[in-house]
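These protein sequences, in sequence, are chains V and E.
Just so you know, we're using this note's numbering here: the first sequence kicks off at 1 and counts up by one.
Just so you know, we're using this note's numbering here: the second sequence kicks off at 234 and counts up by one.
No wet-lab data here; the hints were simulated from the structure.
Zero decoy hints are in this set.
Below, simulated DSS-like cross-link-like pairs (lysine-lysine); rule was C-alpha separation at most 25 Å, straight line:
#: 1; chain 1: V; residue 1: 52; chain 2: E; residue 2: 293
#: 2; chain 1: V; residue 1: 54; chain 2: E; residue 2: 449
#: 3; chain 1: E; residue 1: 447; chain 2: V; residue 2: 230
#: 4; chain 1: V; residue 1: 214; chain 2: E; residue 2: 458
#: 5; chain 1: V; residue 1: 230; chain 2: E; residue 2: 443
#: 6; chain 1: E; residue 1: 449; chain 2: V; residue 2: 60
#: 7; chain 1: V; residue 1: 51; chain 2: E; residue 2: 458
#: 8; chain 1: V; residue 1: 60; chain 2: E; residue 2: 463
#: 9; chain 1: V; residue 1: 103; chain 2: E; residue 2: 463
#: 10; chain 1: V; residue 1: 54; chain 2: V; residue 2: 83
#: 11; chain 1: E; residue 1: 316; chain 2: V; residue 2: 233
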Amino acid sequence: MRSKGAQVSIALVCVILGVMLSVQFKTTGYYRATLVPERTEDLAAQITTVKKEKEAMEQKVASLEEQIKNTKNNAQARADLQKELQGTKVSVGLLPVEGPGVKITLSDNPKALEPGEDPNDLLIHEDNLLMVVNDLKAAGAEAISINDQRITAMSEIRCAGTMIVVNQVRIGPPFVLLAIGNPDVLENSMTQKSGNLSAMQFMGIQASIEKSEKLRIPGFKGTVRMDYGKAVK
Amino acid sequence: MRNKGAQLSLALVCLIVGTMFGIQYKTTSFYKASLVPARIEDLTAQLNGVTGERDNLSQKVASLNQQLEDIRNSDKEMANLQKELQLDNMVGGLYPVEGPGVSITMSESSSSLQTNENANGSIVNVLDILRLVNELRASGAEAITVNDQRITAMSEIHWSGSMIVVNQNRIAPPFHIQAIGDPSMLESGMSLKGGYLETLKFTGVQVEMKKVEKIKMAAYNGSTKMTFGKAVN
Numbered sequence: 001m002r003s004k005g006a007q008v009s010i011a012l013v014c015v016i017l018g019v020m021l022s023v024q025f026k027t028t029g030y031y032r033a034t035l036v037p038e039r040t041e042d043l044a045a046q047i048t049t050v051k052k053e054k055e056a057m058e059q060k061v062a063s064l065e066e067q068i069k070n071t072k073n074n075a076q077a078r079a080d081l082q083k084e085l086q087g088t089k090v091s092v093g094l095l096p097v098e099g100p101g102v103k104i105t106l107s108d109n110p111k112a113l114e115p116g117e118d119p120n121d122l123l124i125h126e127d128n129l130l131m132v133v134n135d136l137k138a139a140g141a142e143a144i145s146i147n148d149q150r151i152t153a154m155s156e157i158r159c160a161g162t163m164i165v166v167n168q169v170r171i172g173p174p175f176v177l178l179a180i181g182n183p184d185v186l187e188n189s190m191t192q193k194s195g196n197l198s199a200m201q202f203m204g205i206q207a208s209i210e211k212s213e214k215l216r217i218p219g220f221k222g223t224v225r226m227d228y229g230k231a232v233k
Numbered sequence: 234m235r236n237k238g239a240q241l242s243l244a245l246v247c248l249i250v251g252t253m254f255g256i257q258y259k260t261t262s263f264y265k266a267s268l269v270p271a272r273i274e275d276l277t278a279q280l281n282g283v284t285g286e287r288d289n290l291s292q293k294v295a296s297l298n299q300q301l302e303d304i305r306n307s308d309k310e311m312a313n314l315q316k317e318l319q320l321d322n323m324v325g326g327l328y329p330v331e332g333p334g335v336s337i338t339m340s341e342s343s344s345s346l347q348t349n350e351n352a353n354g355s356i357v358n359v360l361d362i363l364r365l366v367n368e369l370r371a372s373g374a375e376a377i378t379v380n381d382q383r384i385t386a387m388s389e390i391h392w393s394g395s396m397i398v399v400n401q402n403r404i405a406p407p408f409h410i411q412a413i414g415d416p417s418m419l420e421s422g423m424s425l426k427g428g429y430l431e432t433l434k435f436t437g438v439q440v441e442m443k444k445v446e447k448i449k450m451a452a453y454n455g456s457t458k459m460t461f462g463k464a465v466n
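Given only the sequences and the hints, what does the whole structure look like? Please build it.
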C-alpha cells in the first residue's frame, strides 16, 4: 500500500516534470527564434538609418530654401544652379572626382594549367568583380571605377568570352579598381578575413590593396539618356 | 529497503523539479522583464516616429524642388540647365521616375519554417539579388528598385547579420525587383536560356517576372554628399 502510494506520487511528479519540460522548451524556443535579440538589433539599426535619411532631408530643405531665396538675384540663382548641376554630376558619376581612397589590383591565378584542370578556375569572373564593387559600396565608397570605367547606377559588369564588359566597354585583367572614401575604413573592411577579397586570394587570384592620398576617378563617358522613364511631377 | 529506495527516488525527482522551477522562472522573467515586449514596443514607436518625420520632410523637399524648378524654368537660360539637372538626377536615382518595365518577385520556397530556422533569415542570397540587378542593367534598365529602395551608383546590396540591406535599409523576403525600360527587351534579356533567372528556379526560389505598363519609383532617400571626393577642376 505504502509502496503503491510512492509509485503514484512518482508517476504524478513525472507527469508534471514532462509538462514543465515541454512548456520550458516552447517558451525559450519562441523567444529565441522570433523576438530576441535580433528583432531589437534590427529595429535599432533601422532607426539609425531612417534618422540619417531624415538628416539628409533636413539639409536638402535648408539648401532648397536658401536657393529659392537666392532666385531674387538672377546671377546668384544661376550660380546656384551651376553648382547644383556640378555636384549632381560628380555624385551620379558623370564628372571626374578626386580624393583619398584605396586601389585594388586583381589578376588571374598565374599558375600554369595542369591536365584535367578547368581554366575557368584560374580566371576572375563577373561575380568576383560584382562582389568586390558591392563590398566597396557597403564600406562607404563615394566613387568607384574599374579600369577607368566609372561605376554609375546603371553600370553592368558582364562576362563576354574571356573579357569583362563594364559600361558596354570591354576590359581585361589586371583589373584595377579605384575607390574614393575613407582609406582606413575602406582598407579595413575589404581585408576582413571572412571577406570576398580574402576568399578570392584563397582561390589563387592575385589581389592587392593599397591606400592612397589622392586618386582620380574619371566620369562616365557614355551618353546619358532616359527613353522610357519620365520624371514624376 | 524497498520503501527507502522509493523515498530516495522521490527525493531525487523533487530536487530536479525544484531546480527546473528555478531555471524556468529565471529564464522567463529575464526575457519578460528586460527585453520583451517593452523594448520592442519602444523601438517600434521610435521608428514610426522618425519615419513619419522623414516622410514629411521628403514631401517638403519635393514641393520646394518644384518651386525652385518653376522659378528656374521662367528664365530661358536656366530652363535648359534645369532640364539637364533633372535628367542627371533621374539617371542617378535621385529623382522619382515612372514608366513601363518589368517586375520580378523572388519568394522563398513554400516549405514551412523548421525549428532551427530564423524567421527573418533568407535563403535568397545577396549574390542572387546582385546578379539579378546586374542582369537588368545589362538588359538596358534605366532605373531599378529593390523592395522600393532606389538603386543609385553607390547602393550596396549586403548582409547585415541574417538580413539583407539595400541603401542601409533592411529588406525582407519576398524580394520585389522592378526595372523601368523597354519591357520586351528587359523580359527577353532576363529570360535567356541558361540565364540567371532560370538557374535560380532550381535552387528552390520561386521567381516570377511580369511586364508592367507603369511603374512608379521614388528617389533615393539618403544623402549623396561627398566627404572625401572633390570635383576635379
